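Using the sequences and the hints given, assemble the complete structure.
There are 2 protein chains.
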Amino acid sequence: MIVCRTIADIRRRLNEVRSANWRERGEPITVGLVPTMGYLHDGHASLLKRAREECDIVVLSIFVNPIQFGPNEDFDRYPRDEERDLRIAEANGVDFVLLPSVEEMYPAPARHSLTIVRVSGVSESLCGASRPGHFDGVATVVSKLFHIVSPERAYFGMKDAQQVAVIRQMVRDLNFPVEIVACPTLREPDGLALSSRNVYLNPEERAQAVVLSQALSRIDGWLAEGVGAFELRNRLADEIRRAPLADIDYVEVRRYPTLEPADDELAEGEYIAALAVRFGRTRLIDNRVFHVRKGEPACSAP
Amino acid sequence: MIVCRTIADIRRRLNEVRSANWRERGEPITVGLVPTMGYLHDGHASLLKRAREECDIVVLSIFVNPIQFGPNEDFDRYPRDEERDLRIAEANGVDFVLLPSVEEMYPAPARHSLTIVRVSGVSESLCGASRPGHFDGVATVVSKLFHIVSPERAYFGMKDAQQVAVIRQMVRDLNFPVEIVACPTLREPDGLALSSRNVYLNPEERAQAVVLSQALSRIDGWLAEGVGAFELRNRLADEIRRAPLADIDYVEVRRYPTLEPADDELAEGEYIAALAVRFGRTRLIDNRVFHVRKGEPACSAP
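Chains as they are written, first to last, in numbering that gives the first Met the number 0: chain A, 0 to 301; chain B, 0 to 301.
No lab work stands behind these hints, which were simulated from the structure alone. Note that the structure is a prediction, hence the values are computed from the model and not measured. Here a beta-carbon is modelled for each residue, glycine too, at the ideal position from N, C-alpha and C. Be aware that a few hints might be false.
[Said to hold, decoys possible] Incomplete in silico selection of chain B near chain A, CB under 10 Å:
no. : residue
1   : V101
2   : S119
3   : D172
[Claimed, not checked] These stretches of chain A come out as covered by chain B in the derived footprint (C-beta under 8 Å, 3 or more residues):
no. : region
4   : 113-124
5   : 174-184
6   : 233-240
This is how it looks when you write it as C-alpha cells:
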C-alpha cells in the first residue's frame, strides 16, 4: 500500500500503473475510488471490500474537506486518526491512499476554491436546507478527486442517501466518465447507523440514538396500514420524540432519487424517509429508501 | 474524419483509438480538443492547426451552447453552417468532430443542466457583469466536453481573454488533467478581430467596427507617454466614441489573468485592456494584453 500526500504523486503513480498494465497485459485497468473523511468504520470498510472485489486498483482518499462544513459546524473537532485509518486500509487491500493536506487541495492564496460545482434541485432540501453550501462543498471536492484519480468507479454509502443522489446527478449532468456505486448502510447491533460522528455521543445520547433506526424500521408496518406520506412523517417524528434528548432537525418523506416532495397519497415509485436529529452537539442522519407498488403492500429496501 | 453526433459514439471511438495505440505502439496518445460554437473562421482554423501540430488526435466540437446565452441574446439567430464547418475541419486535419444536439447535451426533462460549474472572481467583471450567467454556461459546457473527450490539451482563442482566464481558473481549482493552450487573436486586414458574429454587421457597422482594434493599437504609444490606468481607459473610450455607431458596453483596464482592478499607477505586471461595444444589434469584444515592467517602457503582447 502506497500513501500519497500530493496530487502530483498519486497522479504519477496511477499513470505508471495504468501504463505498465497496458504494456504488460495489453488491457486497461479499472480504478475504484472510495472517497472518505477518514476515521474509518465498518461502513467505510464495506466500501473498500466492494471496491476490492470489483476493481484492479483501489484508491482510498482521506480528506476532511473544510468547504463542506458550515462556519459553526464541527470541522475543527471532526475525529481524525491517521494511523488507525492506514491499518484499516491495509487490512482491506487498498493499493493507494490519497492523504492530502488542506493546503494541497486548496492552495493559497484562496484557501478555498474559487470554482464551485453546484447541483440544484436534489441538493436543496433535507441536509442541503439545514447546511447551506454543504453539497456545493461535497460536489466540488468530489469533482476534484475524480479529476485527480480518474477512477472508473466510485463508492459511496447510502447512509448519506442525499449525497449519493447529488453525486449521481452531478455525474449525469457533467458527463463524468465514472460509475457511481451506492452501498448499503452498516449498523451497530442495536440498529444505529455507523458514522464517524457516533464517537461524539455520550453514553446517554448513544443509548437514545437507537430511536432513529427503530423509527425507520417501523415504516413497512405503517405502510401496510395504508398511511400516506404526511401521516408517515408524523409517526416517524413522534417515535423519535420519545427519546427525550432527540432534537429533530428534519424528518421528511420524499421521492427518491429526485428528492421531490411526495404527494400525501403515495403513488407507485421509490421514496425516501430521511431524518437528521441532534443529540446534544451531535447531529446524526439516517434514512430508509422504500418502494411503493400499485396493488401491492409497500416494502422498504434493505 | 469521423463525425459523431452522440456522446456515446465519440467516447467509444476515442477509447478504441487510445486502446489501439497502446496495443500497437505501447504508448498513450495525446488528444487535443478545440471547443467551438461553429461557423468557423480563420481564428478557429488557427486553433485546429496548432492542435494538429501538437497532438496525435484532434477533436473539434461544434455546439451552440444555449446555457451561455442570456434570454434576450442571439442564441436563435447565432450563425450556423454545418457543411462549411465540416469542410474547414477536414481541410485542417481534424480526426473527430463532435456535433451533438441540444437534446444530447441537455437531455429532457431538464433541457438545461441541474449542475452548474461556477468560477467566482475572474468571471464576475467585464462580460460576466454584462452577461449574467454567461460564464457559468461556458464553464459548465467546457466541463462536460472535457469529461466526454478527456483531452490532454484544449485550445482557446485569446479574443475572449476572459474566457481563457475563467477556464484556466476552473482547471486549476478543480484539478482537471487538461493543459489549456491560449492562441493569439486573428484579425481581418483592417484589424477587426475575427468573430462568427461579424457576419451580423451591415456595411456601415462593419466599416466603423475597425475603431476597436485601432483604439487598442494605440495603447503602446499612450503607455510610453506614461499615462495611468484611468487615463488609458478614457482614451480608449474616447477613441471608440469617434465611431458614431459605437455603443460602449464596457471599456476596462484590469490585471491579467486575475482581472482584478488595476491601480491607476500601473505597477509591474500583466494587464488587459478589454472592451465590448455594440454596433446596432451586434455586440463585439476585443482586448489587448500588455506587460508593464519597472523602469522600461510598457509593451503590449502580440
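Here's how the hints hold up against the structure:
1. V101: violated, 14 Å
2. S119: holds, 5 Å
3. D172: Given a least distance of 4 Å, the restraint on D172/B holds.
4. 113-124: holds (count 9)
5. 174-184: Held - the region 174-184 of chain A has 3 residues with a Cβ nearer than 8 Å to chain B, which meets the minimum of three.
6. 233-240: violated (count 0)
The earlier numbered hints that this structure contradicts are 1 and 6.
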